[in-house]
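Residues per chain, in single letters:
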Amino acid sequence: MKHLLSTRDLTPGDAIRILDTAEEMAAVNDREVRKLPALRGRTVVNLFFEDSTRTRISFEAAAKRLSADVINFAAKGSSVSKGESLKDTAQTLEAIGADAVVIRHSAAGAPHRLAMTDWINAAVVNAGDGTHEHPTQALLDAFTLRRHLSKVAGTPSTGADLAGAHVVIVGDILHSRVARSNVWLLTTLGARVTLVAPPTLLPFGVEQWPCAVSYDLDEALADAPDAVMMLRVQAERMNASYFPSTAEYSRLWGLGDERFARFSEPELKDTVILHPGPMVRGLEISSVAADSDRSQVLRQVANGVSVRMAVLYLLMSAKESTR
Amino acid sequence: MASAEADGEATRTAARAHAPSGRVVLSAADIDRALTRIAHEILEANKGPEDIVLLGIPRRGYPLAVRLARKLAAADPTVVAEQIVGQLDITMFRDDLSRQPTRSPSPTRLPSQGIDNKVVVLVDDVLYSGRTIRAALDALVDLGRPRIVRLAVLVDRGHRELPIRADHVGKNLPTSAAEKVRVRLTEIDGEGGDPEFTEDHVAIEAPRDEDSTEGEIQ
Numbered sequence: 001m002k003h004l005l006s007t008r009d010l011t012p013g014d015a016i017r018i019l020d021t022a023e024e025m026a027a028v029n030d031r032e033v034r035k036l037p038a039l040r041g042r043t044v045v046n047l048f049f050e051d052s053t054r055t056r057i058s059f060e061a062a063a064k065r066l067s068a069d070v071i072n073f074a075a076k077g078s079s080v081s082k083g084e085s086l087k088d089t090a091q092t093l094e095a096i097g098a099d100a101v102v103i104r105h106s107a108a109g110a111p112h113r114l115a116m117t118d119w120i121n122a123a124v125v126n127a128g129d130g131t132h133e134h135p136t137q138a139l140l141d142a143f144t145l146r147r148h149l150s151k152v153a154g155t156p157s158t159g160a161d162l163a164g165a166h167v168v169i170v171g172d173i174l175h176s177r178v179a180r181s182n183v184w185l186l187t188t189l190g191a192r193v194t195l196v197a198p199p200t201l202l203p204f205g206v207e208q209w210p211c212a213v214s215y216d217l218d219e220a221l222a223d224a225p226d227a228v229m230m231l232r233v234q235a236e237r238m239n240a241s242y243f244p245s246t247a248e249y250s251r252l253w254g255l256g257d258e259r260f261a262r263f264s265e266p267e268l269k270d271t272v273i274l275h276p277g278p279m280v281r282g283l284e285i286s287s288v289a290a291d292s293d294r295s296q297v298l299r300q301v302a303n304g305v306s307v308r309m310a311v312l313y314l315l316m317s318a319k320e321s322t323r
Numbered sequence: 001m002a003s004a005e006a007d008g009e010a011t012r013t014a015a016r017a018h019a020p021s022g023r024v025v026l027s028a029a030d031i032d033r034a035l036t037r038i039a040h041e042i043l044e045a046n047k048g049p050e051d052i053v054l055l056g057i058p059r060r061g062y063p064l065a066v067r068l069a070r071k072l073a074a075a076d077p078t079v080v081a082e083q084i085v086g087q088l089d090i091t092m093f094r095d096d097l098s099r100q101p102t103r104s105p106s107p108t109r110l111p112s113q114g115i116d117n118k119v120v121v122l123v124d125d126v127l128y129s130g131r132t133i134r135a136a137l138d139a140l141v142d143l144g145r146p147r148i149v150r151l152a153v154l155v156d157r158g159h160r161e162l163p164i165r166a167d168h169v170g171k172n173l174p175t176s177a178a179e180k181v182r183v184r185l186t187e188i189d190g191e192g193g194d195p196e197f198t199e200d201h202v203a204i205e206a207p208r209d210e211d212s213t214e215g216e217i218q
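Those protein sequences? They're chains Y and E, same order as listed.
Going by the working numbering, the letters in the first sequence line up with residues 1 to 323, in that order.
Going by the working numbering, the letters in the second sequence line up with residues 1 to 218, in that order.
Simulated from the structure, these hints should not be mistaken for laboratory data.
Note that CB positions come from ideal geometry on N, CA and C, so glycine has one too.
A couple of the hints might just be wrong.
Derived DEER-like restraints, expressed as beta-carbon distance ranges [what the hints assert, rightly or not]:
1) E:137 to Y:237: 50 to 58 Å
2) E:95 to Y:116: 29 to 37 Å
3) Y:203 to E:82: 51 to 59 Å
4) Y:106 to E:107: 45 to 53 Å
5) Y:203 to E:186: 26 to 34 Å
6) E:141 to Y:152: 32 to 40 Å
7) E:74 to Y:30: 27 to 35 Å
8) E:95 to Y:200: 40 to 48 Å
9) E:194 to Y:159: 13 to 21 Å
10) E:186 to Y:258: 57 to 65 Å
11) E:147 to Y:150: 34 to 42 Å
12) Y:150 to E:186: 24 to 32 Å
Could you put together the complete structure from these sequences and hints?
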């Protein structure tokens, strides 16, 4: 594995290896000295052409805990605003000596372009490209879910896949790279995925994805899923009206107080709530649900550092020729 | 386990018949006797079982540490084997990470009493260049501050590259650097491990091209 561009091309073995490595990284994050010397002397560049808080900070923390040097690059305030191309930016990073480039870009395929051309030799990690993929988010979701399931079952999580698990992903599937990465990864790991959204927020060709589609959240909850993943309504990507009003969206597809009350039913007693963040409280999720003990949101953030440490370690530690 | 009465030559011949390749230098009974002696040496050097923690280095150091802990418990009834043994992963602390294919880390598990102010005995199967032990010492520092750190190995094959020596050695094995020392233990190589495994042994293999380096450490 030289790059991490999408979850679609990960084999079950690759995915479990990343999750198992993340499990060991998580143990380091619980220690007094939260630092490993594995990537000492290596340089990680965070190349962010789009706004991000948790993903950038998470990658930065991950790289630093592995003793790598981190250079943060935000497109705002850089030469990109003067019209520099991706190629020139990338070659500048290569000249500086980047060993890995973590890239977030509004254009789908930008990380792929960086990885497949001869512009740079560094390992490329996709940190979200347009509405295409966000593989590390899906990996941390799978990691969080795997830990939860093994805790409920009382079995060790290391080495396990997600066979038999059922995940419902609710909301703006159309604009969500998180949903796409999760559909590929969770099904690769053996889980069953149901997408729930208004018909206008489902992408063209969704019937060919390896998942079920529903328009009714209550119906999906009646199926007693192991996890419900709420997605943010991405207002910044919406240049047309996809639903009549936010109040209607919230009532039909949001996890409001009334719907969250159903989580106390016996068949939903082990169901957890996932959210990739940032949350829009009151729209797709109510504060009661977001702050409840079912919500794994903060655990997802913590696990994100472990998963990203695992990814950086697995991509960067090998010698160049075997990477 | 081979019969303890079997004379050395017979045991060795029998073991050689099982081993697919290489010269068997320690049979299952030899390994067991060496571990029993090391266990008593550890107790003697420490003047009793107080504060002893055994940390095995994956993969084959850990089962050896578990076996040593049981022998300590057998020799001294105040010792509870499970409470003094742990596993110390050194993958992230290796100095050759960038020169090797990617290695997946193993878990690090410390006994619940921790390692602060303890007498930590690092346990590994083969002592060779000493680089694994250097990495283990670095890993240990990040976990706590032991009072004393000692080293117990099943086999010392020489060719040290760092100023490191073992306190307790099962067998000194003069080798050429081109040879490989292969350790096979039931816990790792039994069921589902090495298909040719029959019983515990240590063997020296003549140099071969592109051979597996498993069971050998740097």
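How the hints compare with the structure:
no. : hint                       : verdict
1   : E:137 to Y:237: 50 to 58 Å : 52 Å, holds
2   : E:95 to Y:116: 29 to 37 Å  : 33 Å, holds
3   : Y:203 to E:82: 51 to 59 Å  : 54 Å, holds
4   : Y:106 to E:107: 45 to 53 Å : 40 Å, violated
5   : Y:203 to E:186: 26 to 34 Å : 54 Å, violated
6   : E:141 to Y:152: 32 to 40 Å : 37 Å, holds
7   : E:74 to Y:30: 27 to 35 Å   : 34 Å, holds
8   : E:95 to Y:200: 40 to 48 Å  : 57 Å, violated
9   : E:194 to Y:159: 13 to 21 Å : 20 Å, holds
10  : E:186 to Y:258: 57 to 65 Å : 59 Å, holds
11  : E:147 to Y:150: 34 to 42 Å : 37 Å, holds
12  : Y:150 to E:186: 24 to 32 Å : 27 Å, holds
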